[in-house]
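Sequences are here, hints too, so could you generate the full structure?
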Amino acid sequence: MPVRVRWDVDFKGRSGRAKRIARGIREAAPMFVELRIEGEKGLSEVPAIFAEIHQGDTRIEATVPLSPGAIRAAGRGYPIDFLWEVGPRESFRRLLPPGADAISFVPDEDNLVFLPDVIEEFSESGVRTLHLPNINAVRFLAMKGHVPIPTPDMIREAAGRISSLGLSIAGKKIVVHDYFLWRILREAFPGEVGDRLEFSGCQAASALAYVDWEGNVYPCDSLSIRLGNLQETTFEKIWSAPARSRIFEAIRAVPPECGPCNQRNVCLSGCRGLAYLAAGALDAPDPCCPEKTTPET
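Position 35, counted from 1, in the sequence shown is what the numbering used here calls 35; the numbers after and before it change by one each time, with no gaps.
By construction, these hints were calculated from the structure, which means they are not laboratory data. Take these hints with a grain of salt, some might be off.
No more than 25 Å apart at the CA atoms, straight line, and that leaves these computed lysine to any residue pairs for SDA-like [to be verified]: (1) LYS144 to PHE114; (2) LYS41 to ALA142; (3) LYS144 to PRO47; (4) LYS237 to PRO256; (5) LYS41 to ARG26; (6) LYS237 to GLU85; (7) LYS173 to ARG89; (8) LYS19 to ALA51; (9) LYS173 to PRO47; (10) LYS12 to PRO148; (11) LYS173 to ASP108; (12) LYS41 to PRO97; (13) LYS173 to PRO88; (14) LYS237 to CYS261; (15) LYS173 to PHE92; (16) LYS172 to GLU249; (17) LYS237 to ARG226; (18) LYS172 to TRP182; (19) LYS172 to ASP81; (20) LYS237 to PHE50; (21) LYS172 to THR129; (22) LYS41 to GLU85; (23) LYS172 to GLY99; (24) LYS144 to LYS237; (25) LYS172 to SER123; (26) LYS172 to PRO148; (27) LYS41 to SER123; (28) LYS19 to ASP81; (29) LYS173 to GLU90; (30) LYS12 to PRO47; (31) LYS172 to GLU40; (32) LYS172 to LEU95; (33) LYS19 to GLU61.
Listed next, with one range per pair, are the computed distances between beta-carbon atoms [as the list claims (entries may be wrong)]: (34) ALA29 to GLU187: 35 to 41 Å; (35) GLN55 to GLY171: 33 to 39 Å; (36) PRO190 to GLY75: 28 to 34 Å; (37) ARG156 to THR234: 41 to 47 Å; (38) GLY126 to GLY166: 18 to 24 Å; (39) VAL113 to ALA170: 21 to 27 Å; (40) GLY166 to PRO242: 17 to 23 Å.
Backbone N, C-alpha and C define an ideal beta-carbon position, used for all residues, glycine too.
See the structure below:
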């Protein structure tokens, strides 16, 4: 069973039977549950979700918008770690509630250009942790019909701008979920790597599962292959089914194009979810990889 479950509680006003989905997640007994709550509908479900999931020893984290409703929910005293989702075009420091400890910003093709601004404000703020999650493919496909994956050149350009700012993240931490972005940010902060710039690694279909707002279960939020639904069956049945095992094996296999690369043992062939989105196959190269080559035709 997965150690970590990410759950989109609501999306554009849509959600399934939150208490039933929460029960299905609780029965899987994960160590961590990462909630993503977008609007008031999801915030209204927090008491029921917490009561269900907190029956075990699960640690709960919630990514929420910088809205009055979310700030009120955070002030109710739940033992939940709140991550405040920040936007790309406005200052977030004046909007954060007192004691805010962590923020989240998703660097995609459309807003990667603003990443230097976010990191600069983060370095000057009292916030201790900045999370840079992977692109949520399931959400983007539902919202836009495509996924805005940044190119390697875009990542390099953003990192170059960050380096030119001469920022310090002393006493802070940046948690990066994409290997290639992590690698290039290491170059932007060469003297402050240590435990201040963290790469979480790929856990898709093994230690990690993703649940969308309707209870559908996926190997990861970046890999849009549906495995089952918690409103119809149990997490155990979904996770023990052959479909999940096949995806797990495919993710761990080395794509042919990555075989000759001397970086493979470090990057572990990158993100299989982004590869699947870009090429429709799990054995394709990660589109964010600066080392990938074009196959001969």
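Each hint, compared with the structure:
no. : hint                         : result
1   : LYS144 to PHE114             : holds, 20 Å
2   : LYS41 to ALA142              : holds, 18 Å
3   : LYS144 to PRO47              : violated, 31 Å
4   : LYS237 to PRO256             : violated, 32 Å
5   : LYS41 to ARG26               : holds, 21 Å
6   : LYS237 to GLU85              : violated, 33 Å
7   : LYS173 to ARG89              : holds, 22 Å
8   : LYS19 to ALA51               : holds, 9 Å
9   : LYS173 to PRO47              : violated, 30 Å
10  : LYS12 to PRO148              : holds, 19 Å
11  : LYS173 to ASP108             : holds, 20 Å
12  : LYS41 to PRO97               : holds, 21 Å
13  : LYS173 to PRO88              : holds, 19 Å
14  : LYS237 to CYS261             : violated, 38 Å
15  : LYS173 to PHE92              : holds, 18 Å
16  : LYS172 to GLU249             : violated, 36 Å
17  : LYS237 to ARG226             : holds, 14 Å
18  : LYS172 to TRP182             : holds, 15 Å
19  : LYS172 to ASP81              : holds, 17 Å
20  : LYS237 to PHE50              : holds, 24 Å
21  : LYS172 to THR129             : holds, 6 Å
22  : LYS41 to GLU85               : holds, 17 Å
23  : LYS172 to GLY99              : holds, 15 Å
24  : LYS144 to LYS237             : violated, 31 Å
25  : LYS172 to SER123             : holds, 8 Å
26  : LYS172 to PRO148             : violated, 28 Å
27  : LYS41 to SER123              : violated, 33 Å
28  : LYS19 to ASP81               : holds, 20 Å
29  : LYS173 to GLU90              : holds, 22 Å
30  : LYS12 to PRO47               : holds, 20 Å
31  : LYS172 to GLU40              : violated, 31 Å
32  : LYS172 to LEU95              : holds, 20 Å
33  : LYS19 to GLU61               : holds, 17 Å
34  : ALA29 to GLU187: 35 to 41 Å  : holds, 40 Å
35  : GLN55 to GLY171: 33 to 39 Å  : holds, 36 Å
36  : PRO190 to GLY75: 28 to 34 Å  : violated, 40 Å
37  : ARG156 to THR234: 41 to 47 Å : holds, 45 Å
38  : GLY126 to GLY166: 18 to 24 Å : holds, 20 Å
39  : VAL113 to ALA170: 21 to 27 Å : holds, 26 Å
40  : GLY166 to PRO242: 17 to 23 Å : violated, 53 Å
The structure is inconsistent with the numbered hints 3, 4, 6, 9, 14, 16, 24, 26, 27, 31, 36, 40, although it conforms to all the rest.
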